[in-house]
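**Q** Read off the chains here:
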Amino acid sequence: MSSFTSFLYNSIFRRNTTMLATVFAGAFAMQLAFDTGSDRVWDSINRGRQWKDIKYKYIQKAEDDGDDDE
Amino acid sequence: MLARSVLRSARSVGATARNVASKTASRSASTTSSAAEGASWKTNALPIGATAFAAGTVAWYAYVAGRDVDAMTPAEEGLHPTQYPWEHAKWNKTFDSQAHGSLRRGFQVYREVCASCHSLSRIPYRSLVGKIMTVDEAKALAEENEYDTEPNDEGEIEKRPGKLSDYLPGPYKNDEAARAANNGALPPDLSLMVKARHGGCDYIFSLLTGYPEEPPAGAVVPEGLNFNPYFPGTGIAMARVLYDDLVEYEDETPATTSQMAKDVTEFLNWAAEPEADDRKKMGWKVLAVTSVLTALSIWVKRYKWASVKSRKLVYNPPIKSPILSKLPKPTNKS
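Going down the list, the protein sequences come from chains A and B. Residues in the first sequence are numbered from 1 upward in steps of one, following full-length UniProt numbering. Residues in the second sequence are numbered from 1 upward in steps of one, following full-length UniProt numbering.
Chain A on its own, in the form it takes in the complex (with noise of 0.2 Å):
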């Protein structure tokens, strides 16, 4: 444990700048995976209620119609 807290110290807090830093990717780094986790829940709950659910449908047929006028 007091290895550790002393791994901390000595990495992180330290130095102010490398706090700073540390404080900056973090929060960049937790943002990135909450947005990432909570879409991911979002979309399970609602899956096949959204337009990128079900859009293959349609991009398909499109694609059907092009391959029909060539």
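Because the hints were derived from the structure by calculation, they are not lab data.
Here are the simulated PhoX-like pairs of lysine-lysine, each with C-alpha atoms no more than 20 Å apart in a straight line:
#1 93(B) / 55(A)
#2 52(A) / 131(B)
#3 52(A) / 93(B)
Assemble chain B onto chain A, guided by the hints.
**A** Using the frame of chain A, we list chain B on its own:
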């Protein structure tokens, strides 16, 4: 409150009077109990009268100010719409683009039925893309209509086919033309209709499906209007438009009246609140983050206050010693 204080004072007055009466009764043997009965009737008259006055005042006040007052008759108010369990209105559900319901079919109903009278002026073609149809479909749809160009070098305004950034065209040039074509009644723009009417989706669905075969006996339907109990005033200029199999859905859903009404209602809700999906998702994110922050702040508060809350203050009074004992004792030499 006033009545209660009056009663209390009356009761005390009565008590003294009763004491006096009982004293006299015990003192003079010739007095009978009839005198005591007469005294009790007189002492009760004041509280009974005060109670009757208070009750009468309350009843009169309730009669004057307590009754419901309606600005409109029930007919002018319109029938309250039935509440339906809209799937897309749940806190954790998005609009249903197509799989089970609705947006695409609802837009088809709007385009084939409603659009002959009602505009949808706040919806551009670009907002349909990625929600209801593909880019190519939306572009093809936009190109079916003509829009004014910017003035050219001679200042002439020409026509060009529509682009994705154009808004859906209305059926009439302006409101006056719309009134002239509809017996003086203006078909309202439907862009924000779900938000603009009490009852929202329920109201629109009930209105679309609520036309009776014939107006009920006794209902007054003015010339040129139709009876609909859900419309405030019950006389609506729009006739019933949705009949079974009026449109033909591309996914072969049976086009019953209620199916079409449900689809177009959901579509109109999307038109009024296209941001609803993102708003709900953002709401859940905010709840998640703030619940963590709330728990954290509660923990910090308890942490900081732990020493304050759990400390114990002990007061040890100084040991009292008689001041005389500190004085030098006199040497007792007699």
